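If you read the sequences in order, they're chains A and B.
Residue 280 in our numbering sits at position 280 of the first sequence, and the numbers go up by one each step.
Residue 1076 in our numbering sits at position 76 of the second sequence, and the numbers go up by one each step.
It is possible that some hints are incorrect.
Each computed DSS-like pair below joins lysine-lysine, with the alpha-carbon atoms no more than 25 Å apart [said to hold, decoys possible]:
id: 1; chain 1: A; residue 1: LYS403; chain 2: B; residue 2: LYS1137
id: 2; chain 1: A; residue 1: LYS76; chain 2: A; residue 2: LYS205
id: 3; chain 1: A; residue 1: LYS192; chain 2: A; residue 2: LYS158
id: 4; chain 1: A; residue 1: LYS361; chain 2: A; residue 2: LYS403
id: 5; chain 1: A; residue 1: LYS428; chain 2: B; residue 2: LYS1137
id: 6; chain 1: B; residue 1: LYS1137; chain 2: A; residue 2: LYS402
id: 7; chain 1: B; residue 1: LYS1137; chain 2: A; residue 2: LYS407
id: 8; chain 1: B; residue 1: LYS1102; chain 2: A; residue 2: LYS428
id: 9; chain 1: A; residue 1: LYS428; chain 2: B; residue 2: LYS1067
id: 10; chain 1: B; residue 1: LYS1137; chain 2: B; residue 2: LYS1102
id: 11; chain 1: A; residue 1: LYS205; chain 2: A; residue 2: LYS192
id: 12; chain 1: A; residue 1: LYS43; chain 2: A; residue 2: LYS276
id: 13; chain 1: B; residue 1: LYS1198; chain 2: B; residue 2: LYS1211
id: 14; chain 1: A; residue 1: LYS33; chain 2: A; residue 2: LYS428
id: 15; chain 1: B; residue 1: LYS1026; chain 2: B; residue 2: LYS1085
id: 16; chain 1: A; residue 1: LYS376; chain 2: A; residue 2: LYS407
Calculated from the structure, these hints are not laboratory results.
Quick caveat, the model's predicted, so the values are computed rather than measured.
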Amino acid sequence: MSKNGTVEQRYLPEISRKEMDELKNTVKIASQKIIADNIERMKRADPHRPEAMKYFDDIANLFGRRQQEIQAEKEKGKKVIGYMCLFAPTELILAADAIPVRVNSGWYDTSKLGDRVVPVEVCPVIRSTIGAKMIELSPFLEQSDALISVLTCDGMTKLSEILSDQQTIWGMNVPRIKDSTQSLRFWSDEIKHMKTQIESFTGNKITRKNLNEAITQSHRATKAFRRLQNLRRTNPVIMGRDAMLVNQAYTWDDTKRWTEKTELLCDELEKRAQQKDWVCSPDTPRVMITGTPMFWPDNWKLPTLVEEGNPQGIIVADEQCSGERILNDPIGVDEWSMDDMLNAISERYLMASTCPCFTSKNGNEDRINWLINKAKEWNVQGVVYYVVRGCMLYAMEYSRVKKALDKINVPVYYLDTEYTREDVGQLKTRVEAFMELLNARVDF
Amino acid sequence: MSTTQEEFWRWHEYHHIMPNIKPADKDIITAGVDVGSVGSKAAVMVNGQAYSWGITRTGSNSPESAKKALNFALKDTDVDIGNIKYIVGTGYGRVNVPMANKAITEIACHAKGANFIWGPSVRTVLDVGGQDIKAIKIDETGRVVSFLMNDKCAAGTGRGMEVFADLLQVPIEEIGAMSLKVEKEPEPVSCTCVAFAKTEAIGLLRKGWSKEKVLAAYTRAMAVRMANLINRVNLEPELVVTGGQSKNVGIVSRIETILGVKCLPTPNWREGGLDPMAAGAFGAALLAKALYEKEQKIGE
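Whenever a hint applies, use it, and build me the whole structure from the sequences.
In structure tokens form, the structure reads like this:
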């Protein structure tokens, strides 16, 4: 590794410590302001916001409590294993007594730094992660002792190569055709190999007992997660942004504590539902978001525009790997033998994924089914299809999704943007016009 | 630079009052104020009928531009701002219309306005504004069914045309007709980005191209861009063009050629026709009436 500058970097430019510190400081200060502003606006949207959200507001500070906790654990000898795609089997990391944390970058400012390494045509999520690495901005990326990089889209594939200039990377090959037995066999081998890798890296054996515990823990998290999404099914008791923050916080928080806090939040929300204490008028258009992941904190642009819009909308569901896809599907274990658990993990991570990197006989049918079921069961009135420029796979699946949603008479709006704040004014017009369109089904 | 230099980009600011309408106390008088990036438009309606309108240039201050446009529309009329029951603000500066009761996007307003100007047969509206272009699908009542908007960029918009008017020293209102005075349509300029197109145009002029030919090449490129947007939203006749560029015959006729459909004709504003440049303001004034009536109903 070249942290000391002795090894030549294949991709990343040499930046002087001084420049790096200056840049890091500037972006960090800006980012803390954005985090505070996002939360302030979320509070304003719901004057008597659930008490339990306080915890998540705190954990939302990427440079705060959680960073310090992880640091303390590291000092006691724990390993941190970062990951970029949801395909990384976090249960294996937990079973080996290591800390899993997601490291994709949501900073707009660092995407401009990434431009020094890759052209602007490249997906900004990737450019931003590269930029964050260049100035060592991301606490969780910097704390990661190793990174699991799953080769899903082109961006992720090359990102892992670029990051390997400075970090230990474990690539995982994900088969692009989902519904074939050889794919599952191949993927199972990748999972088993990852288990060995994690074991030798951490020095901790993954036993039947600790894997059982890790899976059980993840089951509990899924249960809490699903409980929260179910509470968004009827008249609104929680703003979409609050739920989205809770969902995403799972990827950097402590699993056990996150589960407890989410259950507490749900208790509160259930009471609200009983008292018919709605967070906004039940007539508010119900919106689902799909497309490119929206990483905290800067990518709150769209949800904020929807929920602060005139007319206002409320986000009741999403189909994003930064949102509801995180914990939606439990690991289906039957016998709790090592083999069975590993197979169950393989199946869960491959078969349940609706990532557009897949294709199959029927195309990415699972994603279409998710969207249609969600739209129906969550009573979704309109879908915003969110794509950042350079995000090829999501952009390419749009026309199919549109046709499928047209069939069930749910309007969908394609919203393309970039890692920038400059287009907020124009996006506001687009989002509000879409909300008006959804409203017009009742109004005027 | 001489101070008397002609401003070729400058288009007509005007106001118009419909004859034969005499607003009375019992009438529902509403207004729509559309503050665009280049033009500010205001329309006053009496019981949902167009009564007067005014079209002015947007200044650096949205609230001021809104006031200016509305006062212009009210000039020499029998209506005072206090007689107006409900005002809807729309356009780029819609949140900065101080006298508005409500803000509605220009997309919904142009849809409604197109339905008002041309009637229920309109299904596709192309709104070419100062800074963006929008393709809007509407139903027979003027409701938005779907829409698309170009990137935030002056490429292929009214502002781009103004730049060209200045560059070629041709009054903007003559640009359209002039661009059609070519024997053979030249290849479109390769880039509609105003900055690059300008450079390209200068090059073509140096090569000896006539102003007409350069204008044809630029207008063609803009029309191609607009036609693409219309196709992406799934064109369904009748098609109409609103916004400032609806007056540019060079744009409208080229869109017709490219798409193989006729647009419904643009009413002649010089003869007091309902001006599609003010479609957003008309739509806003109509929606204002609907909102006012809804409010009254709730109040009863």
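- Task: Please name the hints from earlier in the document that this structure breaks, with their numbers sorted from lowest to highest.
- Result: The structure conflicts with no hint, since it agrees with every one listed earlier.
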